[in-house]
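> The chain contents come next:
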Amino acid sequence: METTSLLPLLILGSSLIPGVLILLLREDQSALRSFLNLFGAVAKVSLIAWVFAGYLRGEEYTFIFRLAPQLTFALQVDQLGLFFATLSSVLWLVTTLYAIGYLEGGQHRRRFFAFFSLCITASTGIALSGNVVTFFIFYEFLTLATYPLVVHLGTDKAVNAGRTYLWYTIGGGTVLFLGVVGLYVLAGPVYFGQTEIIASLISENAPQLTILFFVFLAGLGVKAAIFPLHSWLPISMVAPAPVSALLHAVAVVKAGAFGIIRLVYDVYGIGVAEQMNLLTPLAVLAAFTILYGSIRALFQDDFKKRLAYSTVSQVSYIALGVAIPGVLASAGAIVHLVHQGIMKITMFFAAGSVAETYGHYKISELNGIGRRMPLTMGAFTTAVFGMIGLPPIAGFVSKWYLGLGAVEAGSYWVVLVLLGSSALNAAYFLPIVYRAWFCEPDHERVSRIRSGRLETRALLLIPVVVTGLFSLAAGVFAALAGSPLSIAREIAEKFYLL
Amino acid sequence: MTDLPTSPFPALLVGLPILVATLSLFFRPRGKAVVGLMGCLLTGGLGLIALVEVMQQGTVIHILGGWDPPLGILLRMDSLAAVFIGMTAVVGVFISLYAWWFFRAREATNGGFPLFWPLWLFLWAGLNGLFLSNDLFNLFVTIEVIGMSAVALAVLSGKTAAQIAGLRYLLAAITGSMAYLFGVALIYGSTGTLDLGLLRQVLEPGATTTFALLVITLGLMIKMAGFPFHFWLPPAHSSALAPVSALLSALVVKGAFYILLRLWMEVFGVSITFSAGQLIGLAGAIAVIWGSWQAFMQTSLKLIVAHSSVAQLGYLLMIFPLLILAPGVAAGSADWLSPAWTAGVYQVMAHAFAKASFFLSAGIIIMALGHDHKGSLRDLASRMPMTVMAIGIAGVSLIGLPPSGGFFAKWMLLKGIFLSGQWWWAPVVLAGSFLTAGYVFMLLRLAFATAREKEPFRPVPKGLEVCALLLALGSFLIVLPAEYLIQFLESSEAFGSGIQSIMEGGTYGND
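Chains as they are written, first to last, in the working numbering: chain A, 1 to 498; chain B, 1 to 511.
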């Protein structure tokens, strides 16, 4: 703990500073704004790569600022955090490109890009938090930074969605606050990874620890959209497509899921959590959410709404994997952080591009869209197959590990849930694919909003293709060293060696 | 007591504003404003220098005219007083700068309210004097000076609503003062001294002491608008001019709280019972819920902000039960006491910065739109982004989201609540935060919504917006020196003696 490094702070600064500077710019300085944004995004990716390399060489990066006795702002670098930080920084870069294309000529772009950067700052901060209170600070910061993005359009619908979003997340944050203070009073300042603190309290304070666990879970479950705390997520999809993409892939939803991973593995420790029987309720809730989200998705005609319910279902895979003891299931949960992110962001990019290019918002309008936007829908289709769990795409890998883990732990019912969910995924995603590629286009409806040589504007096309390829590569090369899976396995093995 | 280092600052902090205020009375209206602003900047600078002085030297005193107490007046500046003076200096300077631009912008219509400046300087002198006083009677005098200048400021706009509210304010202030004076008289009758340090040694538990404590506490609660005596605050604070509202909410009510804190921690330890603490805590808890709910229901911006003050002051009352352990609970250490009063001091500071900023923003909006019905906030985010930002930041601090001063205060409050074993206060803290989020985000939601119809919009001097934004940021920046500040405060007489009693006997204020 003695070594102090400013690098973690710099990683946060790489998005915080552009965010604040953009706020100070004028609305019409769009070139400078884009430059700042991209510069920050590239800087962040490089910094994280640098730190990751250093971490693998065995260096430590810790930044500590004492606010008060026992109240410390700590940024700390560990493998899980870096894993998540890498995901958010890479997807931020991609999404920034997409957003520049998507919002061209739109209103309030200064505000949008500023809060977009702040949002990523919060997300990276969550990844690099060294202790519970720092995590909480960024967790709440994320709520606030996302709000202006959700209400960006300023329509009544958007504003109402923003209200729902806030009621849920602020409520969750308040509950989490109670949990954090409770933990501090009981156990003192808990740094992530110091599971021995809780382990030493278990004999005396078992009831309090159980209550605290569920208080934490209720607070985190709001952002992770676990049933019955999920309703804000489908409503918030009125936000512009890049926001939904980021919200569903790395920022808000993942913050909750990441928090659950931290809570179980790095605060309580998997051994304690299993011993105190805390995991079964989580597993049941997660399994229920998986099926519930999928069933609700079946009945949505709004493209983005269907995707949103699908997120409700998919993110609970992470919670489910966490709740099944065993290295394989844990690895499946951790790797799904990344896999779900890249697949879902591809889908939202595709939905946004279709809406921007042809003005189609409903699934029933998508007939024949694959012929007009082959690359976009190709990427989308890849992601769909991944979500369903077809090899060799990323989603298959996570499901495979989750399934293996469940069998290893003897929870055969989980396998049934996974199979059921795959079937449901197929049932709500394949009709989109079918319409896109095999149905005749309704010629009366087709009028292209934006023209150009490519199937849509380049800035809308490149990101979706890139993330589509990511989803494919993450599955195909899963066995190689350095793939998300191999890193996730390493992380999971560390949790169990302790 | 007299072996403490002597410093001229305590006398200057009171004397300078009075001198400048008197001087300014001889100037024409324009001159009043210039002299007044200079006086404010000087007083503010002096306050900060004095804070640094106490940080370096520890508690300093000043004996007026060289007459030793009890004959003369002794001003004592310990770390608690220094922190309050420093806070008043920073907030006061920003409000003064705001007032300068605010009144200049309105000068054409009503001459720029030149009397604001001497009144505000008298008020400032009263506040500094209150923080520095070391006996019950001086406290009474200063609180009267504050009350009278505050009422005069509140009716400065001359509008009927302000005058009616001002009259109510005056009656409440006088009632509070009389109750306080009555209690002081009882104590003087039974002990023969008014000096806080002496009282601590000679005060004995008994019916007289208990009754005196009761009336003093009641009087001060009226002054600080503690529930159920909060009725005068919303109309008075909301109908005043924007800089005045900010002063009243951010600083004036804190004076009464300061006395209450000092007396409970420093003097009355012997006669406070557990149930008395619970009762005052209950009043605070109701204020938190009721005030927040009322704020949520209001339709004009300034009334929302004013009702929010009632709630935020409720949090201050909630620290009092934590100072006293339940009968039968032994204090192993004083670890529960420190979070409780840290919470109090931080709540005072966070609220001062955030609420001042909030009222100043409301003033900006009124200036731009001509009224402050909350519906007119629509689409404000694109027309006045800086002001919306200020409201957002100040609001976040009021809610208590990290890493604001309000968060730090609530963190410490919850910690104190759990450590002292009085867990039943915890839901109130959380519910208060949640309700506060309700009205703050209601405002932000409107600010982001598209406008139904275009309203006439008058541009506003940038300086006003900058002042409001900086104050809002201040409510976050106060967290940075927290660790140092806590240590600094622990050296103060009030907290030191409280902790000492516990460490010695474990019976501070116990039944």
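Misleading hints may appear alongside valid ones.
Keeping only pairs whose Cα atoms sit at most 27 Å apart, straight-line, the calculated BS3-like set for lysine-lysine is [stated by the list, open to error]: (1) A:K362 / A:K305; (2) B:K462 / A:K157; (3) B:K454 / B:K374; (4) A:K362 / A:K494; (5) B:K374 / A:K157.
Keep in mind the hints are simulated off the structure, nothing from the lab.
> All the hints need checking, so say for each whether the structure fits it.
Against the structure, the hints come out as follows:
{"no.": "1", "hint": "A:K362 / A:K305", "verdict": "9 Å, holds"}
{"no.": "2", "hint": "B:K462 / A:K157", "verdict": "33 Å, violated"}
{"no.": "3", "hint": "B:K454 / B:K374", "verdict": "15 Å, holds"}
{"no.": "4", "hint": "A:K362 / A:K494", "verdict": "45 Å, violated"}
{"no.": "5", "hint": "B:K374 / A:K157", "verdict": "19 Å, holds"}
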